[in-house]
Amino acid sequence: MNKPGSFQSFFLPCILILSLCLSVLTQPVLAAAPAANSMQNYCVKPPFVSQSVPPMVMFEVGRDHKLYYEAYNDGVDLDGDGRIERTYDHSIEYYGYFNPYKCYTPAGGASSGDYFTPVATNTDRFCSSGQWGGNILNWMTMSRMDVLRKVMYGGQRSQESPRILLDRAYIPQDAHSWGK
Numbered sequence: 006m007n008k009p010g011s012f013q014s015f016f017l018p019c020i021l022i023l024s025l026c027l028s029v030l031t032q033p034v035l036a037a038a039p040a041a042n043s044m045q046n047y048c049v050k051p052p053f054v055s056q057s058v059p060p061m062v063m064f065e066v067g068r069d070h071k072l073y074y075e076a077y078n079d080g081v082d083l084d085g086d087g088r089i090e091r092t093y094d095h096s097i098e099y100y101g102y103f104n105p106y107k108c109y110t111p112a113g114g115a116s117s118g119d120y121f122t123p124v125a126t127n128t129d130r131f132c133s134s135g136q137w138g139g140n141i142l143n144w145m146t147m148s149r150m151d152v153l154r155k156v157m158y159g160g161q162r163s164q165e166s167p168r169i170l171l172d173r174a175y176i177p178q179d180a181h182s183w184g185k
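Numbering (this note's numbering), first residue to last: 6 to 185.
Wrong hints could be hidden among the right ones.
[To be verified] If you anchor each label on the Cβ, the simulated ranges turn out as follows:
#1 A112 with L153: 24 to 32 Å
#2 F16 with F64: 57 to 65 Å
#3 R88 with R149: 20 to 28 Å
#4 F131 with R173: 20 to 28 Å
Calculated directly from the structure, the hints in this document are not laboratory data. From a predicted model like this one, the values you see are computed outputs, not experimental measurements. For each residue, glycine too, the CB sits at the ideal point set by N, CA and C.
All chains should be built: construct the whole structure from the sequences, respecting the hints.
This is the structure:
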């Protein structure tokens, strides 16, 4: 089938000889390749980066209606005792913007509800008359979005100086009923 002088009869042996020579010549180079990085070194920085750069992380959270529900709803067992907490339980420390061991009053007096200021410290989370405990304020006011914001970056700030004011999340007034 192969005629003398045809393409296959001449170039096929040449390609085979050339590939054999290249494999013999490159074998010492491949044998001297550096050892692979360990996983610990690989995770420190990408192998293609010549200098260390601080990482940038993007965290995306959906802004669906579930994040605007109350953080402590009345149908969850919060303390793992097998019973659902249907109302405020003083033995549970509720996470939130307010310090559970401080007592608060509205800044402009009892009629003003703009913001609360701490007025006293307590050890048992009980406050005197006319004051609100931080623990019950956390239970009443925190939405899931507020908890997420506090965990991720300390909360949504509306004012930085002379004092920091944290705003709670906007709660839509449609079907997001709070059963408190």
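**Prompt:** Which earlier hints can't be squared with this structure?
**Reply:** none
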